[in-house]
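**Student:** The primary structure of each chain is shown beneath.
There are 2 protein chains.
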Amino acid sequence: MLDERVTAVYLVETPYTLERAAEVIAGEQSTGTFTAVPGETASLKERHGAAIVSVEALEETDTPSLPGTKVPRGHDGKYRRGLIKVSYPLLNFGPSLPNLMSAVAGNLFELQELSGLRLVDLELPEAFAAAYPGPKFGVEGTRRLTGVYGRPVIGTIVKPSVGLSMEQLGSLVREMALAGVDFIKDDELNANPPYAPLKDKVKAVMAEVERAADETGRRVMYAFNITGDIDELRRNHDLVVEAGGNCVMVSINSIGVAGLSWLNRYSQVPIHAHRNGWGMMTRSPLLGMEFTVYQKLCRLAGADHLHVNGLGSKFYESDESVVRSIRACRQPLFGGYGTMPVVSSGQWAGTAGITYEQAGTTDLMHLAGGGILAHPDGPAAGVESMKQGWEAAVKAVAAEEYAVTHGALRRAIERFGAVEGRRA
Amino acid sequence: MLDERVTAVYLVETPYTLERAAEVIAGEQSTGTFTAVPGETASLKERHGAAIVSVEALEETDTPSLPGTKVPRGHDGKYRRGLIKVSYPLLNFGPSLPNLMSAVAGNLFELQELSGLRLVDLELPEAFAAAYPGPKFGVEGTRRLTGVYGRPVIGTIVKPSVGLSMEQLGSLVREMALAGVDFIKDDELNANPPYAPLKDKVKAVMAEVERAADETGRRVMYAFNITGDIDELRRNHDLVVEAGGNCVMVSINSIGVAGLSWLNRYSQVPIHAHRNGWGMMTRSPLLGMEFTVYQKLCRLAGADHLHVNGLGSKFYESDESVVRSIRACRQPLFGGYGTMPVVSSGQWAGTAGITYEQAGTTDLMHLAGGGILAHPDGPAAGVESMKQGWEAAVKAVAAEEYAVTHGALRRAIERFGAVEGRRA
Numbered sequence: 001m002l003d004e005r006v007t008a009v010y011l012v013e014t015p016y017t018l019e020r021a022a023e024v025i026a027g028e029q030s031t032g033t034f035t036a037v038p039g040e041t042a043s044l045k046e047r048h049g050a051a052i053v054s055v056e057a058l059e060e061t062d063t064p065s066l067p068g069t070k071v072p073r074g075h076d077g078k079y080r081r082g083l084i085k086v087s088y089p090l091l092n093f094g095p096s097l098p099n100l101m102s103a104v105a106g107n108l109f110e111l112q113e114l115s116g117l118r119l120v121d122l123e124l125p126e127a128f129a130a131a132y133p134g135p136k137f138g139v140e141g142t143r144r145l146t147g148v149y150g151r152p153v154i155g156t157i158v159k160p161s162v163g164l165s166m167e168q169l170g171s172l173v174r175e176m177a178l179a180g181v182d183f184i185k186d187d188e189l190n191a192n193p194p195y196a197p198l199k200d201k202v203k204a205v206m207a208e209v210e211r212a213a214d215e216t217g218r219r220v221m222y223a224f225n226i227t228g229d230i231d232e233l234r235r236n237h238d239l240v241v242e243a244g245g246n247c248v249m250v251s252i253n254s255i256g257v258a259g260l261s262w263l264n265r266y267s268q269v270p271i272h273a274h275r276n277g278w279g280m281m282t283r284s285p286l287l288g289m290e291f292t293v294y295q296k297l298c299r300l301a302g303a304d305h306l307h308v309n310g311l312g313s314k315f316y317e318s319d320e321s322v323v324r325s326i327r328a329c330r331q332p333l334f335g336g337y338g339t340m341p342v343v344s345s346g347q348w349a350g351t352a353g354i355t356y357e358q359a360g361t362t363d364l365m366h367l368a369g370g371g372i373l374a375h376p377d378g379p380a381a382g383v384e385s386m387k388q389g390w391e392a393a394v395k396a397v398a399a400e401e402y403a404v405t406h407g408a409l410r411r412a413i414e415r416f417g418a419v420e421g422r423r424a
Numbered sequence: 425m426l427d428e429r430v431t432a433v434y435l436v437e438t439p440y441t442l443e444r445a446a447e448v449i450a451g452e453q454s455t456g457t458f459t460a461v462p463g464e465t466a467s468l469k470e471r472h473g474a475a476i477v478s479v480e481a482l483e484e485t486d487t488p489s490l491p492g493t494k495v496p497r498g499h500d501g502k503y504r505r506g507l508i509k510v511s512y513p514l515l516n517f518g519p520s521l522p523n524l525m526s527a528v529a530g531n532l533f534e535l536q537e538l539s540g541l542r543l544v545d546l547e548l549p550e551a552f553a554a555a556y557p558g559p560k561f562g563v564e565g566t567r568r569l570t571g572v573y574g575r576p577v578i579g580t581i582v583k584p585s586v587g588l589s590m591e592q593l594g595s596l597v598r599e600m601a602l603a604g605v606d607f608i609k610d611d612e613l614n615a616n617p618p619y620a621p622l623k624d625k626v627k628a629v630m631a632e633v634e635r636a637a638d639e640t641g642r643r644v645m646y647a648f649n650i651t652g653d654i655d656e657l658r659r660n661h662d663l664v665v666e667a668g669g670n671c672v673m674v675s676i677n678s679i680g681v682a683g684l685s686w687l688n689r690y691s692q693v694p695i696h697a698h699r700n701g702w703g704m705m706t707r708s709p710l711l712g713m714e715f716t717v718y719q720k721l722c723r724l725a726g727a728d729h730l731h732v733n734g735l736g737s738k739f740y741e742s743d744e745s746v747v748r749s750i751r752a753c754r755q756p757l758f759g760g761y762g763t764m765p766v767v768s769s770g771q772w773a774g775t776a777g778i779t780y781e782q783a784g785t786t787d788l789m790h791l792a793g794g795g796i797l798a799h800p801d802g803p804a805a806g807v808e809s810m811k812q813g814w815e816a817a818v819k820a821v822a823a824e825e826y827a828v829t830h831g832a833l834r835r836a837i838e839r840f841g842a843v844e845g846r847r848a
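Each protein sequence line maps, in turn, to chains A and B. All the letters of the first sequence, read from the start, carry residue numbers 1 to 424 under the working numbering. All the letters of the second sequence, read from the start, carry residue numbers 425 to 848 under the working numbering.
No lab work stands behind these hints, which were simulated from the structure alone. Any given hint could be a false lead.
[Said to hold, decoys possible] Straight-line distance between alpha carbons at most 27 Å, and here's what the computed DSS-like set of lysine-lysine pairs gives:
| # | chain 1 | residue 1 | chain 2 | residue 2 |
| --- | --- | --- | --- | --- |
| 1 | A | K85 | A | K45 |
| 2 | A | K85 | A | K70 |
| 3 | B | K560 | B | K627 |
| 4 | B | K469 | A | K203 |
| 5 | B | K509 | B | K494 |
| 6 | A | K199 | B | K469 |
| 7 | B | K623 | B | K560 |
| 8 | A | K136 | A | K199 |
| 9 | A | K136 | A | K203 |
| 10 | B | K627 | A | K45 |
| 11 | B | K509 | B | K469 |
| 12 | B | K623 | A | K45 |
[Unchecked claim] The following label-pair restraints were derived from C-beta to C-beta distances:
| # | chain 1 | residue 1 | chain 2 | residue 2 | range |
| --- | --- | --- | --- | --- | --- |
| 13 | B | R497 | A | A396 | 29 to 37 Å |
| 14 | B | E470 | A | P376 | 23 to 31 Å |
| 15 | B | H499 | A | E401 | 29 to 37 Å |
C-beta atoms are modelled at their ideal positions from N, C-alpha and C, and glycine is treated no differently.
Using the sequences plus the hints, can you model the full thing?
**Tutor:** This is how it looks when you write it as structure tokens:
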């Protein structure tokens with residue numbers, strides 16, 4: 001481990017030269033302080049200093065992307081953008097995700113020499129694979145548990161997100177399970193609220209899951225949102241597993257990557273990882289980090305399923321970005337860590353085609369809330385429309401064409417295709 | 425608890441009307457989805473829906489602050505800014521910090537109806553105080569343990585941040601302790617690295633702390649950076665406490681607010697909370713959150729000390745913002761939660777005056793790395809210069825004037841006062 005290094009690529013914007021910005025970054029995140037101190041010897045710097053691997057100039061701009069930037073004397077008014085690759089000795093922090101974060105994504109964002117800083121890539125040495133076993137289920141385990149092969153796992157989200165009684169929840173689950181959905185999840189807004197404690201939810205839901213399984217011979221996967229304080233995670237997980245549940249869900253940014261990794265130490269069922277709050281870290285183009293980086297942290301920490309938004313979603317993210325996210329999750333990490341990307345938000349049968357065309361995989365979960373529940377002929381038709389949408393997608397047949405002979409898809413297009421130009 | 429509510433204030437920017445934006449926010453974060461679903465009844469909405477409390481218009485702008493915004497048909501080209509206050513029924517998530525975060529700071533940042541969203545204030549009901557006991561030490565406990573009254577706790581950071589051998593670290597600690605510093609902390613880059621395992625650091629440091637205490641009669645407070653995975657937190661904490669250590673430090677964003685709260689369940693010494701990575705969540709003016717909000721979460725979770733940057737620091741943040749942060753930490757929360765703000769980064773004797781003038785309190789920690797270690801007459805003079813800087817500040821005497829009769833301060837001004845216009 002002694003000579004392994006972590007490499008980070010930053011998109012930088014600075015009124016200084018890119019070389020100067022690179023030096024500031026490397027100094028701040030390893031041996032430096034604002035003034036030279038005794039002890040920062042040449043040999044210490046060589047052994048522990050961050051190294052600038054490369055500096056690639058991109059465009060210039062006249063306005064700084066972020067506030068509070070200091071400019072050099074005689075500043076020419078230009079803010080230079082570029083990609084700066086820095087490598088850190090693993091020795092400085094070891095294969096520890098929490099300490100890695102402080103090293104590669106700590107104080108840097110606040111440096112006044114930078115008017116923009118975004119962590120766009122991160123290469124980790126094998127030591128991280130040894131320290132973090134990652135998903136226990138992933139794509140294969142999820143397919144095994146759901147019995148779904150050759151197409152995405154089709155799922156839905158309990159809606160309304162909050163407020164359903166146990167009776168209402170139970171009958172909704174029953175309806176969805178009988179309708180043939182593979183997967184159901186709680187909303188991220190609904191974990192263990194006072195009006196519907198998790199233990200009651202688990203009881204109500206699992207009773208219906210089992211009843212439906214007796215009827216259909218297929219057991220729906222239900223992701224119980226167990227998000228809570230660290231001590232609750234274990235209790236909540238055990239509650240689900242003891243009741244025969246086969247999936248738990250957490251809001252990653254609410255429990256931290258460290259919380260996710262902690263859960264993964266003892267979890268016995270797939271962890272469905274929701275990234276709500278992620279927008280805060282990524283929507284400003286010259287700040288925060290790319291999903292490429294974030295997904296690596298989440299996969300190491302044990303996310304079996306990881307949310308990536310959806311094409312044509314209700315969110316700001318471009319379809320290109322969503323496609324990159326799906327592909328990033330499907331890219332082997334240390335030869336494995338096969339996390340299943342979860343395509344969600346504003347999804348319905350009509351978004352299957354573009355998703356497959358762009359992302360080129362069926363190894364994903366495709367979730368529709370309203371897109372299934374609000375199908376004009378009911379949830380069973382909603383599920384059927386999703387399956388038909390994917391059949392068409394894999395056959396490379398346009399949804400409208402496939403819909404001529406496939407009624408559920410046709411009715412979905414009639415209902416949702418007109419909504420603010422949503423894709424069909 | 426059944427009728428308590430959480431109130432969040434958002435700074436919003438939108439191409440729609442502010443009223444429309446408020447509806448989207450309230451709907452997304454409570455009962456809504458992209459299309460009406462069965463079950464979202466009027467009574468459910470009334471009981472569980474988020475309520476728009478007020479909408480206050482601010483300025484308009486011609487360019488959206490964030491990308492990916494959808495504009496309404498016939499958009500007039502204006503993006504409206506305003507403050508939107510929304511209240512959420514506590515019933516929806518209960519007094520749970522992780523689930524609170526998903527509710528008030530979850531998917532909102534990604535909504536395409538918004539070109540900017542920043543959580544600027546958060547009012548929490550008493551139920552949170554019952555669920556989260558907060559700091560066990562805070563200002564009073566830290567003063568009691570350090571024996572420092574009537575002025576800030578003066579501290580330093582081990583520099584170079586990384587790379588010191590146990591012998592070098594030990595002798596630095598000895599030098600600093602004998603120099604009369606009240607507090608020493610590890611750098612956030614240095615927790616439990618392979619080249620300097622925490623157990624060795626604790627041993628080396630505590631031996632010197634005890635030796636110095638025998639000589640001076642005062643025991644320096646040393647904040648050991650115990651940041652690590654969740655299971656390590658407890659082990660690391662216990663290691664420190666068993667060796668007689670009197671403070672532990674964590675990087676909040678590396679372990680999550682949930683990790684901090686978990687540590688606070690069993691911690692026996694003050695928790696020194698470092699906010700590195702915070703810039704990612706706050707530097708874009710129309711994204712993320714204000715420190716006002718963040719500090720409430722951290723205080724509830726148990727931060728005894730909380731970093732706030734420093735005036736005249738090396739970071740982008742304005743002095744006004746730093747002052748607001750110090751004041752926010754000193755503002756009672758549920759009548760208590762007396763967290764000590766930690767003023768740090770680019771600090772030295774000359775920043776005491778402006779800090780006291782602006783923040784109006786000595787209930788803080790004032791940390792200087794290079795500002796003490798690189799004092800021309802050595803660390804003892806560095807510490808003395810800090811004390812003299814604060815004496816001058818409290819007496820409302822200019823540092824330069826006080827320096828005429830106070831040599832350590834004078835030498836500090838000579839050395840650091842010229843550095844890129846740093847304040848004296």
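**Student:** For which of the previously enumerated hints does the structure constitute a violation, in increasing order of number?
**Tutor:** none
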